[in-house]
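Undergrad: Listed here are the chains, written in short residue letters.
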Amino acid sequence: AQSVTQLGSHVSVSEGALVLLRCNYSSSVPPYLFWYVQYPNQGLQLLLKYTTGATLVKGINGFEAEFKKSETSFHLTKPSAHMSDAAEYFCAVRTNTGTASKLTFGTGTRLQVTL
Amino acid sequence: GAVVSQHPSRVICKSGTSVKIECRSLDFQATTMFWYRQFPKQSLMLMATSNEGSKATYEQGVEKDKFLINHASLTLSTLTVTSAHPEDSSFYICSARTGGNTEAFFGQGTRLTVV
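Protein chains in written order, with the working numbering: chain A, 1 to 115; chain B, 1001 to 1115.
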């Protein structure tokens, strides 16, 4: 079974500061890892994903994440926060089990960006 | 990217009535669709997985007779909340994908309020 732990339900940063949202996963098979962003009363938008290959993954809006197998982590970062980054962020894991595969989400981290 | 449209975005219904939520893949054929429920300030909880032309697979603890899912075509899945009660009030989100190892795309969600 797979699971996802997001440390910190709420993170606050100043505009222009580094954003670091933490995600650790548990999976019995090589995982596919995802970060999604959700704005109020909206669905989820994919920021980036790791499947295989390069462990540093770049996504939209300047975000990136690094898959570290030894640490079972997939932390999300952005060098400089913007006010528009304020949203809820979800890390998710999917095991590579074909048509039966499904996503397991973390509890989410609310990012607040202050002036 | 692929577009998943969910309708309605908001619905208010009286206790005891039924509500149908539609999820459409606009520019791709969705062999698999997922229905999630999200409580305020919480993560997404998978309710059921539906494959076109077959019965949905419900997660443990989800009442299949209360949450009826139909996936009659490759572009449409519906979730019907039967005999709705105030405790069914929530944010419901669907997602769709073409195959087992492809990315799933999310609808914009439906805010259900039962009064």
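Quick caveat, the hints were computed from the structure, so don't treat them as lab data.
Ideal Cβ positions, reconstructed from N, Cα and C, are used throughout, including at glycine.
Careful, some of the hints might be misleading.
Stated by the list, open to error - Below, in silico cross-link-like pairs of lysine-lysine (BS3-like), each with a Cα-Cα straight-line distance of 30 Å or less:
1) B/K1066 x B/K1020
2) B/K1064 x A/K102
3) A/K69 x B/K1066
4) B/K1020 x A/K102
5) A/K102 x B/K1055
6) B/K1066 x A/K58
7) B/K1041 x A/K68
8) B/K1066 x A/K49
9) B/K1014 x A/K102
To be verified - If you only want the chain B side, here are some residues facing chain A, beta carbon under 8 Å, derived:
10) T1049
11) E1052
12) T1080
As the list claims (entries may be wrong) - Pair ranges (Cβ atoms, derived):
13) A/V29 x B/G1099: 28 to 38 Å
14) A/S14 x B/S1083: 48 to 58 Å
15) A/L18 x B/C1013: 38 to 48 Å
16) A/N41 x B/T1017: 33 to 43 Å
Undergrad: Confirm or reject each hint.
TA: A quick look at each hint next to the structure:
1. Using a Cα cut-off of 30 Å, the hinted pair B/K1066 and B/K1020 holds, with the two alpha carbons roughly 12 Å apart.
2. The straight-line distance between the Cα atoms of B/K1064 and A/K102 is roughly 19 Å, inside the 30 Å bound, and the hint therefore holds.
3. Our distance criterion of 30 Å between C-alpha atoms is broken by A/K69 and B/K1066, whose separation comes to about 41 Å.
4. Taking the CA atoms of B/K1020 and A/K102, the gap is about 24 Å. The hint holds against a cut of 30 Å.
5. A distance of roughly 17 Å separates the Cα atoms of A/K102 and B/K1055; the hinted pair therefore holds under the 30 Å criterion.
6. Taken as a hint, the B/K1066 and A/K58 pair is broken in the structure, with Cα atoms around 41 Å apart against an allowance of 30 Å.
7. Restraint check for B/K1041 and A/K68: satisfied, since their Cα atoms lie roughly 28 Å apart, inside the 30 Å limit.
8. Restraint check for B/K1066 and A/K49: not satisfied, since their Cα atoms lie roughly 34 Å apart, outside the 30 Å limit.
9. The hinted pair formed by B/K1014 and A/K102 fails the criterion: a straight-line CA distance of about 33 Å is larger than 30 Å.
10. This hint holds: B/T1049 has a C-beta 6 Å from the nearest C-beta of chain A, less than the 8 Å allowed.
11. Among the interface hints, the one on B/E1052 is violated; its C-beta lies about 11 Å from the nearest C-beta in chain A, farther than the 8 Å criterion.
12. Interface restraint check: B/T1080 against chain A, minimum CB-CB distance 20 Å, threshold 8 Å, status violated.
13. Between A/V29 and B/G1099, the C-beta spacing of about 18 Å breaks the proposed range 28 to 38 Å.
14. Against the hinted window of 48 to 58 Å, the Cβ-Cβ separation of A/S14 and B/S1083 comes to about 49 Å, which satisfies the hint.
15. Between A/L18 and B/C1013 the C-beta distance comes to about 45 Å, which sits within the given range of 38 to 48 Å.
16. For the pair A/N41 and B/T1017, the beta carbons lie near 22 Å from each other, so the given range of 33 to 43 Å is not met.
In this structure, the hints that do not hold are numbers 3, 6, 8, 9, 11, 12, 13, 16, in rising order.
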